[in-house]
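Chemist: Take the sequences, apply the hints, and build the full model.
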Amino acid sequence: MSVGASRNILSYEETCDLFIKLGQGDITARDKLVSSNIRLVWKIARSYSNRGIDVEDLAQEGSMGLMKATEKFDYKRGFKFSTYATWWIKQAMGRYITNNGPAIRIPAHVVGLSMRIRRATEEFKQEFGSEPMISELAELVGASEDHVKSVLESRATEYKPQALDTGTGDVVSNLKNDSGENVRIGQTPASTIGTPFDMFADAELRKLIRQVLSQLTDREERVIRLRFGISEDPGNHGDFPITEDELKELQRRIDNKFDGTPNKVEESHDHA
Amino acid sequence: MTMPNGFRTAHGYATVSSSTGGNDYRDVARQMTEAGHQMNHATARNVLLGAMEKFAAAILTHYGENVSTDVVKRIAREPSFQDGLGELIQDEFLGKKSKKD
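Protein sequences, first through last, are from chains A and B.
Quick note on numbering: the working numbering labels position 58 of the first sequence as 58, and the sequence is numbered without any gaps.
Quick note on numbering: the working numbering labels position 6 of the second sequence as 6, and the sequence is numbered without any gaps.
Because the hints were derived from the structure by calculation, they are not lab data.
For every residue, glycine included, the Cβ atom is placed at its ideal position computed from N, Cα and C.
Hints should not be assumed to be uniformly reliable.
[Unchecked claim] Short, incomplete list of chain A residues facing chain B, as computed with Cβ under 7 Å:
1. Met64
2. Ile134
3. Leu208
4. Ile209
5. Ser214
6. Arg219
7. Arg227
[To be verified] Pairs of lysine-lysine residues, derived as BS3-like cross-links and limited to a Cα-Cα distance of at most 25 Å, are as follows:
8. A/Lys21 with A/Lys68
9. A/Lys125 with B/Lys73
10. B/Lys54 with A/Lys149
11. A/Lys32 with A/Lys43
12. A/Lys80 with A/Lys90
13. A/Lys32 with A/Lys68
14. A/Lys207 with B/Lys54
15. A/Lys207 with B/Lys73
16. A/Lys125 with A/Lys90
17. A/Lys21 with A/Lys80
18. A/Lys80 with A/Lys43
[To be verified] If you anchor each label on the Cβ, the simulated ranges turn out as follows:
19. B/Gly50 with A/Glu71: 47 to 53 Å
20. B/Arg74 with A/Glu71: 30 to 36 Å
21. B/Met3 with A/Ser35: 22 to 28 Å
22. B/Gly36 with A/Glu123: 17 to 23 Å
23. B/His41 with A/Met115: 31 to 37 Å
24. B/Gly36 with A/Arg206: 40 to 46 Å
25. B/His62 with A/Phe79: 53 to 59 Å
26. A/Arg118 with B/Arg74: 16 to 22 Å
27. A/Ser35 with B/Ala42: 34 to 40 Å
28. A/Gly229 with B/Gly50: 33 to 39 Å
29. B/Gly50 with A/Arg206: 17 to 23 Å
30. B/Arg26 with A/Ala203: 16 to 22 Å
31. B/Gly84 with A/Val110: 41 to 47 Å
Modeler: If you want it as structure tokens, here you go:
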């Protein structure tokens with residue numbers, strides 16, 4: 001189903017005209033009403049997209065709700081059709097989610113906390129440029145660390161039960177605990193772990209990175225080294241934080257500064 | 001939701017994840033200035049982001065994805081992208097696999 005973005009929005013008068021025609025048995029009027037409001041269905045479907053259901057399935061169900069709304073709407077009451085249709089669309093989607101959603105019921109307060117954590121994580125990343133630690137998240141959302149951790153664990157598995165014989169690899173979150181280690185938040189099926197293709201892709205990626213590294217400016221390379229804590233090899237001047245030219249310039253300044261000094265020192269020693 | 005009062009002060013400015021053991025932008029700027037490249041923390045960040053954009057553009061091109069400026073900038077700013085790339089670069093610079101791998 002297409003999003004129907006090219007459809008025009010109907011005015012109140014046009015909507016009333018279509019309902020009058022529909023009342024007279026004109027089926028094309030209903031089609032026009034549905035197609036003109038399909039964007040409303042998609043907008044609502046996207047707002048339900050984090051419930052573990054495909055958005056297209058939700059939009060399909062929402063369309064059924066929209067058709068139900070066209071049958072039930074009474075234009076004589078003076079309300080906008082979209083206001084009325086919204087409730088039917090939401091009702092249809094809600095029922096679909098109940099019947100086809102996650103097998104495990106999630107308490108409303110956990111869903112609320114999960115959303116607060118998601119929002120706080122995004123804001124923290126924008127503010128500080130890194131993933132928050134569990135303790136920081138707990139402080140931000142006003143919950144205990146254990147509570148935050150358990151919500152993250154359940155979110156990592158998308159609230160979906162796994163078969164008993166599938167788990168072999170740990171799912172590790174980007175989030176850190178206070179000792180700086182990544183938090184282990186579940187297990188992943190064996191099929192997602194290191195295939196030969198992954199290894200090939202990894203090698204290709206490394207090759208690509210090597211190419212880009214060779215194109216970086218000296219300044220960029222140094223900033224990257226410092227930022228990521230990549231240590232320098234003191235025996236290799238090519239890796240040293242100053243270039244060969246700068247090293248020569250430094251040597252020249254040292255030589256100028258101490259020009260003749262060793263002789264003076266020797267003379268003073270002689271006097272002594 | 002906004003950051004509580006004093007949260008930014010208490011938690012510092014744009015730290016890196018401890019797994020990479022790197023410096024924050026102020027430290028980077030200080031060390032670069034000492035090495036003769038005058039810069040402040042904002043410039044340090046801009047230089048790093050410029051480099052990250054080069055990597056992001058190359059990777060997107062390699063995988064046949066959209067390489068519009070907006071997409072490249074957004075990916076370059078992404079902390080998880082920077083962390084992952086940081087580990088790979090670390091491997092390249094050190095010429096060996098990092099401890100984590």
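Chemist: Can the suggested window of 34 to 40 Å be confirmed for the beta-carbon pair A/Ser35 and B/Ala42?
Modeler: About 51 Å separates the Cβ atoms of A/Ser35 and B/Ala42, which means 34 to 40 Å is violated.
Chemist: Under 7 Å is the threshold here; is the Cβ of A/Ser214 close enough to any Cβ of chain B for the hint to stand?
Modeler: violated, 10 Å
Chemist: Take the C-alpha atoms of A/Lys80 and A/Lys43, compute the straight-line distance between them, and say whether it is at most 25 Å.
Modeler: Roughly 17 Å separates the two Cα atoms, so the pair holds.
Chemist: Do the Cβ positions of B/Gly36 and A/Arg206 conform to the proposed distance bound of 40 to 46 Å?
Modeler: violated, 31 Å
Chemist: For B/Gly36 and A/Glu123, compare the CB-CB distance with the range 17 to 23 Å and indicate the outcome.
Modeler: Roughly 37 Å apart at Cβ, these two residues miss the hinted range, so it is violated.
Chemist: With respect to the beta-carbon atoms only, verify the hint that B/Met3 and A/Ser35 lie 22 to 28 Å apart.
Modeler: violated, 45 Å
Chemist: Using the C-beta atoms of B/Gly50 and A/Glu71, is the stated range 47 to 53 Å upheld?
Modeler: violated, 59 Å
Chemist: Just to be careful: measuring from the Cβ of A/Ile134 to every Cβ in chain B, is the smallest value less than 7 Å?
Modeler: violated, 13 Å
Chemist: Taking the least C-beta to C-beta distance, is A/Arg227 closer than 7 Å to chain B?
Modeler: holds, 5 Å
Chemist: Do the alpha carbons of A/Lys21 and A/Lys80 lie within 25 Å of each other, as the hint requires?
Modeler: holds, 17 Å
Chemist: Decide if the proposed pair is consistent with the structure: A/Lys21 and A/Lys68, CA atoms, cutoff 25 Å inclusive.
Modeler: holds, 17 Å
Chemist: Could you tell me whether the CB distance from B/Arg26 to A/Ala203 stays inside 16 to 22 Å?
Modeler: Violated, at about 36 Å.
In this structure, the earlier hints numbered 1, 2, 5, 10, 16, 19, 20, 21, 22, 24, 27, 28, 30, 31 are contradicted, and the remaining ones agree with it.
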